[in-house]
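Those protein sequence lines, which keep their order, are chains A and B.
The first sequence lines up with residues 9 to 141 when you count with my numbering.
The second sequence lines up with residues 9 to 141 when you count with my numbering.
There's no promise every hint is true.
The list treats identical chains as interchangeable, and a pair is accepted whether it falls inside one copy or across any two copies.
[Stated by the list, open to error] Straight line, CA to CA, 16 angstroms or less: simulated EDC-like cross-link-like pairs of lysine to aspartate or glutamate:
#	residue 1	residue 2
1	64	138
2	128	104
3	64	54
4	128	53
5	128	74
6	64	53
Hint data in this document are derived by calculation from the structure and do not stem from the laboratory.
2 protein chains.
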Amino acid sequence: MPVKDSETAVELAPTELLVCTTCRMGQEIPEGGVRPGARLMSALEDMDWPEGVTVKPVECLSNCDEGCSVVLRGGGARWTYVYGRLTPDMAGVVHDGATRYHATDTGLVPWRERPEHFRKNCIARIPPLELPE
Amino acid sequence: MPVKDSETAVELAPTELLVCTTCRMGQEIPEGGVRPGARLMSALEDMDWPEGVTVKPVECLSNCDEGCSVVLRGGGARWTYVYGRLTPDMAGVVHDGATRYHATDTGLVPWRERPEHFRKNCIARIPPLELPE
Chain A
9 MPVKDSETAV ELAPTELLVC TTCRMGQEIP EGGVRPGARL MSALEDMDWP EGVTVKPVEC
69 LSNCDEGCSV VLRGGGARWT YVYGRLTPDM AGVVHDGATR YHATDTGLVP WRERPEHFRK
129 NCIARIPPLE LPE
Chain B
9 MPVKDSETAV ELAPTELLVC TTCRMGQEIP EGGVRPGARL MSALEDMDWP EGVTVKPVEC
69 LSNCDEGCSV VLRGGGARWT YVYGRLTPDM AGVVHDGATR YHATDTGLVP WRERPEHFRK
129 NCIARIPPLE LPE
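All chains, full assembly: derive it from the sequences and hints.
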């Protein structure tokens with residue numbers, strides 16, 4: 009697979025980072041309180057992102073027992089990943105992992121290049137839509 | 009949302025049931041032995057399926073600590089679901105859940121109509137590709 013350089017990077021499919029904003033991390037949240045998932049989302053929204061990466065809030069990824077969760081997906085040729093056991097202060101880790109994901113055609117970031125948290129806290133991955141026959 | 013009857017059911021988007029065939033369920037499998045995931049796949053392949061449902065083997069959904077796993081997805085308007093903690097003898101449960109999923113536009117089967125195992129063992133769900141803005 010050819011290495012992407014800055015000139016060809018624009019050919020990459022858009023990446024969506026979906027952030028579960030309803031996550032309570034098992035905590036009781038007082039009325040009007042900000043949920044951990046919403047705090048993570050807020051931190052991610054404030055960051056600079058590579059062109060082609062969009063951060064979107066979503067309601068409940070049904071991974072409620074495993075802390076804050078995000079999904080990375082993008083284009084028919086990429087694997088989709090669900091990562092969990094995140095906390096609101098981990099926006100930097102998510103940014104790193106999402107940026108590396110976006111730099112690939114397939115979503116498959118080499119193991120050693122993944123943030124350590126992503127290596128240990130992949131909840132599930134889902135094959136590309138364009139599944140080889 | 010209009011109720012689908014048999015005349016309009018053909019309008020439903022195709023559904024893919026992806027079955028992790030590499031699952032060992034944490035067991036040591038002797039060389040040449042059949043893995044639990046492959047046994048589940050084999051049982052599912054032998055079943056009659058509604059038109060529009062395709063059963064496909066996939067390699068590793070990265071949910072290895074949670075028993076055999078399947079993914080249900082289909083079309084840009086449906087949620088994608090990952091179910092885990094399955095055993096090779098649970099093809100009937102998967103068939104029931106997948107059939108009910110396929111009968112929906114959105115992938116959202118009412119809670120009480122989901123097989124009990126699906127209610128308790130949803131590993132994650134991922135929003136439709138056509139995410140509302």
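Using 16 angstroms as the alpha-carbon threshold, which applies to residue 64 and residue 53: within, between, both, or neither?
within (9 angstroms within a copy, 37 angstroms between copies)
At most 16 angstroms between alpha carbons: which applies to residue 128 and residue 53, within, between, both or neither?
neither (24 angstroms within a copy, 32 angstroms between copies)
Up to 16 angstroms between alpha-carbons, please classify residue 64 paired with residue 54: within, between, both or neither.
within (12 angstroms within a copy, 40 angstroms between copies)
Between copies, within a copy, both or neither: which fits residue 64 and residue 138 at Cα up to 16 angstroms?
Classified as between: cross-chain Cα gap 12 angstroms, same-chain 23 angstroms, threshold 16 angstroms.
At most 16 angstroms between CA atoms: does that hold for residue 128 and residue 74 within a copy, between copies, both, or neither?
Classified as both: same-chain Cα gap 12 angstroms, cross-chain 14 angstroms, threshold 16 angstroms.
Taking 16 angstroms as the upper bound on the Cα-Cα distance, should residue 128 and residue 104 be classified as within, between, both, or neither?
Only inside one copy: residue 128 and residue 104 sit 15 angstroms apart there, 33 angstroms across copies, limit 16 angstroms.
Violated hint: 4 only; the structure is consistent with all others.
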